[in-house]
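Trainee: Starting from the structure of chain A, add chain B where the hints point.
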Amino acid sequence: MFLELTNVNKTYKTGDVSFKALANINFSLEKGNIGVILGPSGSGKSTLLNVIGGIDITDNGAIFVDGKDITELNDRELTNYRREEVGFIFQFYNLIPNLTVYENVEVAANISKNPMKVEEVLDAVGLLDLKDRFPKELSGGQQQRVSIARAIIKKPKLLLCDEPTGALDYNNAIEILKLLTDINKKYNTTILIITHNTAISGIANRIVRLRSGEIIENKYNDNILPAERVEW
Amino acid sequence: MVMVLHKKITRTLLEHKAQYIGSILLIIISSLLFTALNISGVNIQDNLAVFRVNNVVEDASFITQNKIDNVAELEEKFQLILEERKQYDYKFDEQATLRILSETKKVDKYAVVKGHLLQKSREILIDQAFAKAHDLDINDELMLENNLFTIVGFMSTPDYIYPLKSVSDMLKNPETFGVAVIAKNDFSKFQNGLTFYSVKFLDSNKSQFKNYLTRNNIIINWLDKEDNNRITFVDGDVNSAIQMGRILPVAILILTILLVSIILWRLLKTEYTEIGTLYTLGYRKKEILNHYLSYPLIISLVGGIIGTIIGLLLVKPMIELFAAFYNLPVITTKFELTYVVLSLFLPLAFLIPSTIFIINRILKKPPLELMRGGGNKVKINFIERRLHLNRFRFSTKFKIREIVRNIPRTILMVAGIAFATMLLLVGFATKDSMDYLIEKNYKDIYQYNYDYIFNTMQFSDDIGGEKLNLAPYTSQEFKNGEKTFVIYGIEKDASLITFTDQNGNKLSLDQTIITKSLADKMKLKVGDRISVENKLNEKKFSITINKIADSYLADVIYMPLDEFNKLNDLPKGSFVEVISKEWLNIDESILLSYTSKEDIINSYNILIKPLRYMIGVIGFTAFIIGLIVIYVVTSLVIEENKKNISLLKILGYQQRELYSLILNSNTILVIIGFLISIPLLFVSLEQYFNAITAEMNFSFPVKLDEINMVIGFVVIILTYQISKFLNKGKINKISMVDTLKSKAE
Numbered sequence: 001m002f003l004e005l006t007n008v009n010k011t012y013k014t015g016d017v018s019f020k021a022l023a024n025i026n027f028s029l030e031k032g033n034i035g036v037i038l039g040p041s042g043s044g045k046s047t048l049l050n051v052i053g054g055i056d057i058t059d060n061g062a063i064f065v066d067g068k069d070i071t072e073l074n075d076r077e078l079t080n081y082r083r084e085e086v087g088f089i090f091q092f093y094n095l096i097p098n099l100t101v102y103e104n105v106e107v108a109a110n111i112s113k114n115p116m117k118v119e120e121v122l123d124a125v126g127l128l129d130l131k132d133r134f135p136k137e138l139s140g141g142q143q144q145r146v147s148i149a150r151a152i153i154k155k156p157k158l159l160l161c162d163e164p165t166g167a168l169d170y171n172n173a174i175e176i177l178k179l180l181t182d183i184n185k186k187y188n189t190t191i192l193i194i195t196h197n198t199a200i201s202g203i204a205n206r207i208v209r210l211r212s213g214e215i216i217e218n219k220y221n222d223n224i225l226p227a228e229r230v231e232w
Numbered sequence: 001m002v003m004v005l006h007k008k009i010t011r012t013l014l015e016h017k018a019q020y021i022g023s024i025l026l027i028i029i030s031s032l033l034f035t036a037l038n039i040s041g042v043n044i045q046d047n048l049a050v051f052r053v054n055n056v057v058e059d060a061s062f063i064t065q066n067k068i069d070n071v072a073e074l075e076e077k078f079q080l081i082l083e084e085r086k087q088y089d090y091k092f093d094e095q096a097t098l099r100i101l102s103e104t105k106k107v108d109k110y111a112v113v114k115g116h117l118l119q120k121s122r123e124i125l126i127d128q129a130f131a132k133a134h135d136l137d138i139n140d141e142l143m144l145e146n147n148l149f150t151i152v153g154f155m156s157t158p159d160y161i162y163p164l165k166s167v168s169d170m171l172k173n174p175e176t177f178g179v180a181v182i183a184k185n186d187f188s189k190f191q192n193g194l195t196f197y198s199v200k201f202l203d204s205n206k207s208q209f210k211n212y213l214t215r216n217n218i219i220i221n222w223l224d225k226e227d228n229n230r231i232t233f234v235d236g237d238v239n240s241a242i243q244m245g246r247i248l249p250v251a252i253l254i255l256t257i258l259l260v261s262i263i264l265w266r267l268l269k270t271e272y273t274e275i276g277t278l279y280t281l282g283y284r285k286k287e288i289l290n291h292y293l294s295y296p297l298i299i300s301l302v303g304g305i306i307g308t309i310i311g312l313l314l315v316k317p318m319i320e321l322f323a324a325f326y327n328l329p330v331i332t333t334k335f336e337l338t339y340v341v342l343s344l345f346l347p348l349a350f351l352i353p354s355t356i357f358i359i360n361r362i363l364k365k366p367p368l369e370l371m372r373g374g375g376n377k378v379k380i381n382f383i384e385r386r387l388h389l390n391r392f393r394f395s396t397k398f399k400i401r402e403i404v405r406n407i408p409r410t411i412l413m414v415a416g417i418a419f420a421t422m423l424l425l426v427g428f429a430t431k432d433s434m435d436y437l438i439e440k441n442y443k444d445i446y447q448y449n450y451d452y453i454f455n456t457m458q459f460s461d462d463i464g465g466e467k468l469n470l471a472p473y474t475s476q477e478f479k480n481g482e483k484t485f486v487i488y489g490i491e492k493d494a495s496l497i498t499f500t501d502q503n504g505n506k507l508s509l510d511q512t513i514i515t516k517s518l519a520d521k522m523k524l525k526v527g528d529r530i531s532v533e534n535k536l537n538e539k540k541f542s543i544t545i546n547k548i549a550d551s552y553l554a555d556v557i558y559m560p561l562d563e564f565n566k567l568n569d570l571p572k573g574s575f576v577e578v579i580s581k582e583w584l585n586i587d588e589s590i591l592l593s594y595t596s597k598e599d600i601i602n603s604y605n606i607l608i609k610p611l612r613y614m615i616g617v618i619g620f621t622a623f624i625i626g627l628i629v630i631y632v633v634t635s636l637v638i639e640e641n642k643k644n645i646s647l648l649k650i651l652g653y654q655q656r657e658l659y660s661l662i663l664n665s666n667t668i669l670v671i672i673g674f675l676i677s678i679p680l681l682f683v684s685l686e687q688y689f690n691a692i693t694a695e696m697n698f699s700f701p702v703k704l705d706e707i708n709m710v711i712g713f714v715v716i717i718l719t720y721q722i723s724k725f726l727n728k729g730k731i732n733k734i735s736m737v738d739t740l741k742s743k744a745e
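Protein chains in written order, with the working numbering: chain A, 1 to 232; chain B, 1 to 745.
Chain A on its own, in the form it takes in the complex:
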C-alpha cells in the first residue's frame, strides 16, 4: 500500500475541555489511486489531511507513506517530507497575493531538489499565457489551477486536496476535477481529496466517510466516473 493509516488518534485539548478529532482511523490507498474522504463540518477530515500531510501530529497510531512511518519523523524530517513528497491544494488556494502566477509556482520549485520547469507546469494547467498576472487578476478557477501547478511542480508522490472545489462554481469545479484526474493519470500521482460534496466521490478509487472523527464507511468505488460526468 502506498498510504496506510493504522489506529490513528488525535485529541485536541483546550484547558479542561478535550475534543477527539480522530478516533482509531484505519484505511489505505494504493499508489496512483484517488481517494476521497467525505464528511460534514467537524467530522475530522481536515485534521486527517493535516496529519497525513505532516502539518499536525497524531497522538498515536502509524501513518505509512510509501513505506515510511511519518509519525516517527522529527520536525526537520517532517519539513523535508512536506518539501519533497507531498503537494497541497487548499480550498481558498492560499496563493501569495503579491507574487505573480509564475512566482507563486516558483515558491515551491525554489526549494525542490528536482522540480519540473515552471513553464511546463503552467502549460499543463493552461495558464502559461497568464504567468505575469497577479492572483487577484484571476478567476477562482484560475487561482486554483495556480495552486495545483504549485503543488505538482515538485513531482510529489502524494497530492493532498482540501476541498479543492469548495470555493468554485460548478463549471470551474468540474474543470479542476478534470485537471486533477489528468494529473493522476499523467504522473501516476496518488491523490487524496477531502470534501463534503459526495458527488466528487465519483472520481475516486476509494471512498472513506467520516463522522465525529470516526470512519463510518470505507469502500472501493467500482463505478469510477470521468470528471466531466460528475454532477451535483
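The set of hints was computed from the structure by calculation and includes no laboratory data. Think of the CB as a built atom: it goes at the ideal place given N, C-alpha and C, for glycine as much as any other residue. A few of these clues could be false.
[What the hints assert, rightly or not] Derived Cβ-Cβ restraints for the label pairs, each shown as a range: (1) B:Thr396 x A:Trp232: 27 to 35 Å; (2) B:Asn732 x A:Tyr187: 48 to 56 Å; (3) B:Phe392 x A:Tyr220: 35 to 43 Å; (4) A:Thr11 x B:Asn732: 18 to 26 Å; (5) A:Trp232 x B:Thr270: 33 to 41 Å; (6) B:Ile407 x A:Glu77: 56 to 64 Å.
[What the hints assert, rightly or not] Once the Cα atoms are required to be at most 25 Å apart in a straight line, the calculated SDA-like pairs of lysine to any residue come out as: (7) B:Lys642 x A:Pro97; (8) B:Lys566 x B:Tyr212; (9) A:Lys117 x B:Arg393; (10) A:Lys186 x A:Lys136; (11) A:Lys131 x B:Arg391; (12) A:Lys136 x B:Trp583; (13) A:Lys136 x A:Lys157; (14) B:Lys597 x B:Phe620; (15) B:Lys730 x A:Arg76; (16) B:Lys643 x A:Glu85; (17) A:Lys136 x B:Arg391; (18) A:Lys31 x A:Asp69; (19) B:Lys189 x B:Ser166; (20) A:Lys136 x B:Lys597.
[To be verified] Just a few of them, taken from the derived set where beta-carbon distance is under 7 Å, the chain B residues facing chain A: (21) Leu647; (22) Ile650; (23) Leu651; (24) Met736; (25) Val737.
Mentor: Chain B in isolation, oriented as in the chain A frame:
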C-alpha cells in the same frame, strides 16, 4: 456601550506590545529632548541676559597709548559708562596663567558664585573651573608676587564667561588659563599690570567717542563686544542647544507618525469585519473614531508624560553643567510652563490628525464592504505591476516584492535607518570636523610655536621671529549687513604661515589672500574688490582678493606687510605681532598676550573630552531609535506575511530559509538608509555649522573619517541583526494549521 469597546484597547496593546512600546519609547525620547534642551537652553539664555544687564556687560574694551584722566567728563559728554581696569597675567605654574583683574564697580561687574564679595585687602575671587583644575578651594591661600591672598569665593564676570587667554583663541582650558579679581588698591602690588578700559554706551555715540579718542589719544586696540569670543561664544552654543532641542524632537515625532500610522493602518485592516459589525450593530462613526483614537492618545500621553518628567528632572543638572562649563552664575531656574505644555501637546498634535485621517479613510467604506473584509483585499500597486523580475532568483524576487508592496513601511524603514545613522554619525562628524580644523590649521598652515601680540606698535628688528601687523576691519558688503574681520599684514618671505588653495597649491604671500571661511560668509571670489573700514581709526580703503586659502580657523585677510602699513598710514616696518618657532625672550610689560601652540593643542584635547561622552550618548540614542524602527518594521513584515509564512512552512521551507526570505528582505533598505544618511548628514551639518558660526570668526568644514563611517555602518548592521534575532521567535510561533483555515488575510 462605548466603554465596553474600550476594554479591547488594553488587550490589543498587550497583544502587540512591542510595537506600541517602541512607539512610546520614541515619543519619550522626543519629549525628553524637547523639555530638557529647550528649558535648560532658555534658562541659560535668561540667566545670561539677567547677568549681562545686572552686571553691566561692556559694549567694547580698548587700550590707549596714554592714560585717560577725564573719565567722568567723557561719561557725561558721550553718555557712556567708562571704567579704567587693570589686568596682570600671573604665572601660576609652568603651564598655567591666572589673569588677575582689578575689581570693577561700573562695567563688567563680577558676580560671586560661591563665597562672599571682596571685603578687605588681600582677598581674591577666582573662577570656579580654574579652581577645580588646580585643586583650589575657598579659604585657600595664594602667594602672588610675594603677596599672600586668601580665596574668599568663586566668581563670574560678564567679559570672561568663556575664559580665553587671547581674544582670538577658540578653545578654553581651565588647566592653563583662568581669571581672578582683587581689590583695586591691591593691584598696586603688581608692577607690570596692563591698563585698559571697558565702556558701555548709553546712547549711540560710539563713533563720536572713538573719533575723540583718535584725535586726543591713540587707540592701540579696540574690541567690540560682538567680536569678543569670551562674551559671544556662549550665545552660539546655547542657540545650538535650543535649535537641537527643536529639530531633533520634531524629526523623531515625524518618524513616530509614520510608525504609528502604519501600525494603526495594519490594526484597522485586520479589524475591517469588526468595524463593519459595529456599524451594523448601530455604532456611530464618531464612536468608532473615538475608540481608535484612543490608541494614539494613549501612546502620546504615556510617552509625552514620561518623556516630559524625565526631561524636567534633567533640566537642573543640565543648567548646572552648562553654567559650570561657561563661567556663569545660576541666578534663577524656571520650569517654563510653555515648554512643558508643548512637550505634552506636540506628540498629540502630530499623532492625532494623522490617525483621524487614516481612520476616516476606512470609515468611509460601506458597512457591508467592511463586513466582508472587502477593503482587505490585497492591492497591487503600480510599481509592483511594472516590475520585471524574471532574471532574478526567486528569493531576490520575493524580497524585492516585499519592499515595494508596502511603500509607507519601506519609507519608514529607510527614513528610520537614515535618521538613526545621521544621529549616530553626527557626533563622529563633529569630532572629525574639529580634528580637521585643528590638525589642518595648526600642523599644516600655522607652523609657528609661539605667537606674541604687543600692547604698542613695535619697530625694532631685534625682537626676532616673523613680523605681522593687524587691525580689526568691517565691511558693509555682507548679506547680514556688517561683517567684522581682521586684516593681517605679513612679510612676503614669511615661512611660518603656509597657505594652500583648495587644490593644494601653495600660495605666495606677496598678494591679498582671504581665508575660505570669510570668503564663504561674504560670498567673495578671486578678483572681487571690497571696501573695508579700520575699526580703530575708521580709515577706509578697498582691496582686491587675489587668492582664497583653504583655511577655516579664522575669518581673516592677509596682505603684504608693507602694503598693509601703507594703506593704514602706519610707519614702514611697524608691527604688533611676532610669530616664532622658538621661544623669544620678550619683556612681558610690552606684551598684550602670547600663546603657544602646545597650549592650543592641549586646550583642544581637554575640550573634546566631553565630546566623547556626547558621541556615546547620541550613539546609544541612535542605536535605540534604529532598533525600535527596524524591530517594528520587521515585526510588521512578519505580521503582514503571517499567512504566507504559514504556507511556506507547509510547503517545506526550513527555518533558516524562512528567516532569509522574510527577515532579510529589509537588508537592502538598511544599506540604502545608511547610504542616504551620509550626504544628508553632510548637508544638514553644514547648514547647522554655518548657522552657529555665522556670527563667529571661523567656520566648520564638515568632515567624516572613513573609519567612523565604517563604525557607523557596523553599528547599524548590528542593530539590524539584533532586531532580526528578536523577531525570529515570531516566525517560529506562526502555526501551519490555523492560518490555512482563514479565507482572507
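Trainee: Does each hint hold? Answer for all of them.
Mentor: Hint check results:
For the pair Thr396 (chain B) and Trp232 (chain A), the beta carbons lie near 45 Å from each other, so the given range of 27 to 35 Å is not met. Between Asn732 (chain B) and Tyr187 (chain A) the C-beta distance comes to about 34 Å, which lies outside the given range of 48 to 56 Å. Roughly 49 Å separates the CB atoms of Phe392 (chain B) and Tyr220 (chain A), a value that falls outside the hinted 35 to 43 Å. Between Thr11 (chain A) and Asn732 (chain B) the beta carbons are some 24 Å apart, a value that agrees with the proposed interval 18 to 26 Å.
In this structure the supplied range 33 to 41 Å holds for Trp232 (chain A) paired with Thr270 (chain B), their Cβ-Cβ distance being about 35 Å. The hinted window of 56 to 64 Å between Ile407 (chain B) and Glu77 (chain A) is violated, with their beta carbons roughly 41 Å apart. Simply put, Lys642 (chain B) and Pro97 (chain A) have alpha-carbon atoms about 13 Å apart, close enough for the 25 Å limit, and the pair holds. The straight-line distance between the Cα atoms of Lys566 (chain B) and Tyr212 (chain B) is roughly 23 Å, inside the 25 Å bound, and the hint therefore holds.
Between the alpha carbons of Lys117 (chain A) and Arg393 (chain B) the distance comes to roughly 14 Å, so the proposed pair stays at or under 25 Å and holds. For the suggested pair Lys186 (chain A) and Lys136 (chain A), the alpha carbons sit about 29 Å apart, so the restraint of at most 25 Å is broken. As the CA atoms of Lys131 (chain A) and Arg391 (chain B) are separated by approximately 14 Å, the hinted pair is consistent with the 25 Å bound. Between Lys136 (chain A) and Trp583 (chain B) the alpha-carbon distance is near 85 Å, which puts this suggested pair outside the 25 Å criterion.
Of the supplied pair hints, the one linking Lys136 (chain A) and Lys157 (chain A) is violated, its CA atoms being roughly 30 Å apart against a limit of 25 Å. Using a Cα cut-off of 25 Å, the hinted pair Lys597 (chain B) and Phe620 (chain B) is violated, with the two alpha carbons roughly 35 Å apart. A distance of roughly 19 Å separates the Cα atoms of Lys730 (chain B) and Arg76 (chain A); the hinted pair therefore holds under the 25 Å criterion. Simply put, Lys643 (chain B) and Glu85 (chain A) have alpha-carbon atoms about 22 Å apart, close enough for the 25 Å limit, and the pair holds.
A hinted pair counts as satisfied when its Cα atoms are at most 25 Å apart, and Lys136 (chain A) with Arg391 (chain B) qualifies at roughly 23 Å. Annotation: proposed proximity of Lys31 (chain A) to Asp69 (chain A) holds, straight-line Cα distance about 16 Å (limit 25 Å). At most 25 Å may separate the alpha-carbon atoms for a hinted pair to count; Lys189 (chain B) and Ser166 (chain B) meet this at roughly 24 Å. A hinted pair counts as satisfied when its Cα atoms are at most 25 Å apart, and Lys136 (chain A) with Lys597 (chain B) does not qualify at roughly 74 Å.
Given hint, Leu647 (chain B) at the interface with chain A, holds; its Cβ is 5 Å from that chain's nearest Cβ, closer than 7 Å. Taking 7 Å as the C-beta contact cut-off toward chain A, the hint placing Ile650 (chain B) at the interface holds, the least distance being around 6 Å. The restraint placing Leu651 (chain B) at the interface with chain A holds, with a minimum CB-CB distance near 5 Å, inside the 7 Å limit. The criterion of a C-beta within 7 Å of any C-beta in chain A is met by Met736 (chain B), whose closest approach is roughly 5 Å, and the hint holds.
For Val737 (chain B), the shortest C-beta to C-beta distance to chain A is roughly 6 Å, which falls under 7 Å, so the interface hint holds.
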